[in-house]
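A.B. asks: Here is what each chain is made of, one letter per residue.
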Amino acid sequence: MMNKNKSRQRFAVEAMGTVAVTAAIAGLAAVISEFQSIQITSWAIYGLLALSLVLVWGHAGIFSFGQGAFFGIGGYAYGVAAINLIGATSETFSAVVIAVAVAAIAAAFLGYFMFYGKVGDVYVGIITLATTLVLFTFMSSTAGPQYHIGEALLGGYNGMTGVPPLSYGTPGEESNAFSPGALLVFTATLAGLVTLGIYGLLRGSFGRVLAGLRENELRTQLLGYDIRFRKLVVFAIGGAIAGLAGALYAAWAMFISPGVFGLQQAALVVIWVLVGGRTSVAGAFVGVVLVDGLASFLGGSGGNATPIILGAVLIGVVLLLPQGLVPAIQAGVGRLFKETKEDKVTAAAETVTEESSRYAGLPVPAGREGGVLEVVDLHKRFGGVTAVEKVTLSFTEKGVHCLIGPNGAGKSTFFNLLVGRYWPTAGTVMFAGKPITRAEAHERVRRGLGIKLQVASIFTGLTTFENVWLAAFGKLHDSAAATGRANKILDWLGLTDRARHQAGALSHGQKQWLEMGMVLASEPSVILLDEPTAGMTREETLLTAELIKELGKSVNVIVVEHDMEFVRHLDVPVTVFHQGNVFAQGSLDELRQDERILDIYLGRGGKAVA
Amino acid sequence: MDWSQFDWLINLALSMQLSIAVLVIVSIGLAVVFGMMGIINLAHGEFLMLGAYATLACVRAGINLWLSMGIAAFVVGIFGLVVEQLLIRHLYGRLADSMLATWGLSLIMAQVMVLIFGPSTQGIATPLGSINIGAYSVSGYSFVLIAAAVVLLAIVYWVFTRTPYGVMARAAMQMPGMAAAVGINPKLINAGTFAFGAALAGVGGALLAPLVGVMPSMGQAYIARAFMTVIVGGPGVISGTASSAVLLGGMENVVSYLSTPFFGQGALLVLAIVLLRVLPTGISGRWQRQL
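Chain order of the listed sequences is A and B.
Note that the numbering used here numbers the first sequence so that position 359 is 359, with each residue one more than the last.
Note that the numbering used here numbers the second sequence so that position 39 is 39, with each residue one more than the last.
Calculated directly from the structure, the hints in this document are not laboratory data.
None of the values given here were measured: they were computed from a predicted structure.
A portion of the hints provided could be inaccurate.
Rough simulated footprint, nothing fancy, chain A against chain B, three-plus residues with beta-carbon under 8 Å [what the hints assert, rightly or not]: (1) 61 to 71; (2) 142 to 153; (3) 217 to 224; (4) 240 to 252; (5) 262 to 273.
Backbone N, C-alpha and C define an ideal beta-carbon position, used for all residues, glycine too.
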């Protein structure tokens, strides 16, 4: 596997780089001044904070402005714990651990409400930012002796003073504070370890699933991944890292104030990451050093201008370099050294030339037998409008079934009730003998429902191979087996030569086939397809019909379709929807004898078609 | 009727109405821009601040307070138009980027105000004196704010239902392609909506000016509550903002009354987060109404 070796090599480079930089900084600590040690320590701390945002935003696509909140929570938790415990334990490592735990729990709590409430991306940004700002107001109003936790006074707007520095010692004896040099070595080592951990995390299957999440949340869910839980986990890890940074910050400054929850501090974290590059792990630290260097340089000449410069940087990066400063420079340098550009993938120009019998046999084990999908008395109302009314249907045998009907007949709503996008007002959806009426989409997929929505929903930023791999891994939970299956499916689809190219560069038809391959990779026993040929050329449509017929030989395929020629080509039983009801069932030829159906489609007679 | 028995109740009801009114006043401009354009303006707090300073400057120049507030709305509206032309219009459809760019704008605006007016708090005398209700003394200006909240909601309703611009704006929001096809210029509509939202923020800041200290960082004090009100309210500009202001403002006020403002703030945050767990698209998200 060339791909695997490459990724292993890359990880080795990343790991060695991290260790080398960490060791160099630790070695530096012996020769530089205390002042310099203190400054570099602060960079390592802020770098960790920025790293938490790179993970959460850059890699999981969670738009969190609240990393500053977890940083502050970690700082306050360290302060409270250290002040109360140092008398008994003579060390403050336990306080660091407590701070990390508190920040992780806070992140998990907030994450639970956001991700399990399924709030949109923007809302996540606003909720996290608003939480940070409310904490600012909240902690600012804790002035006065009544606001204390144990012996620790919260101190209101002026902050908590007398926070013990990082110390070691044995209980009962005097505690020993770290010197600035030792603190630098300790902080740099921790930062190095966290960096290594993140590199490792991103390299594994976890990282690929995160990439899927970032690229296309809906598709990830339709591959059977519980995206809410994954987001929660990443958000909690991000919170823990930010909390660690906050604890180290409080120990470093021996002080923490509500200022860490301020708008400017929150903006700084985003700016660091924007400058370093949203997805670049090393860039987090580079961004901190660059921005902090710029700020302290300007601080010398005119400190009042700092927020203006930061604001201008923010606007400038967004307008001019959306990918971030460091990646833009890297790309520029890369262009200088690379004479030949990689061939632009122009898949769209390709034509399908293979003979039509290419889809003989399925590349995966045929789905479990008994994939029976039934709906009983299904109703769906939107406000006062009834979209689906008292539908009872069952799809019991393997083979292809078509749902047709004019616009507004309720077939799309019906489809969405089957996949779990909507919940019915009344009635039951049964799958393999069990009700799934209100199951989340990923639960349906795990039970063997394969779902393909109308618009091709793939991970455009990932390679074609990675797309299918993610689908297979969601079922197999084994990286090597998933690789094998992905290759087989790509071969079956005739997309092997596209395996290492970005899926976004595929032609429209190829994207649709890729998605069907992804659906197939999860071994479904029932496949739901919503207008699979929308926007396809005639040739592509015929190939798709071929593919679907082949699927129908071993699984139960339900197709919602508009294109009557395609339906004729499939030559399968058809169910006609009209005004939210099942109007007729039978073969297309039988139905064509029925005058009433012509009325529906042509709008003839008294019944107007919506 | 003997007032003294009910004075505490009347006082509580008034202060609750005031909390709700303040939430409406600080968030209606944000709600218009979010609801009609889907843009989150992170500089909204600074737009409020700008309105407060504009009022302050006019009052210092000897202009009547109420007229000054009108001028403030106009000034901030024009400022909003400029911001839309220079910044926002490049970022339609790039939600995250528009948030980041307006965030940058907010940092710049706050600091520019520090450089011009200094970081210290300045005030405008609260007009209208106070009224005694039993043992309590209530500022007459509170009644102005409560009335102003209702009037602002009414104005927004009127603009979006009774003016040609409003009808076009709602059409452009629902079906941009269709709106363009019938000859509505979405660029003009967007510029107009952003300016209208900015003007509402300006009048909001102007109304706050006599109540609180005017300072460059005052935007920060309100922005979190404004955001919470808007996202809990959901896409319905009027129905959503009003209902979430009632819920959140009422909650904050009752908890503050029973304990301290410290817990009132916390209660607002927790209620907002819990409400979003139950109604992820906001209170008005499930309603079929548009306003």
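A.B. asks: Does the structure break any of the earlier hints, and which numbers would those be?
C.D. replies: Hints 1, 2, 4 are the ones this structure does not satisfy, whereas the remaining hints hold.
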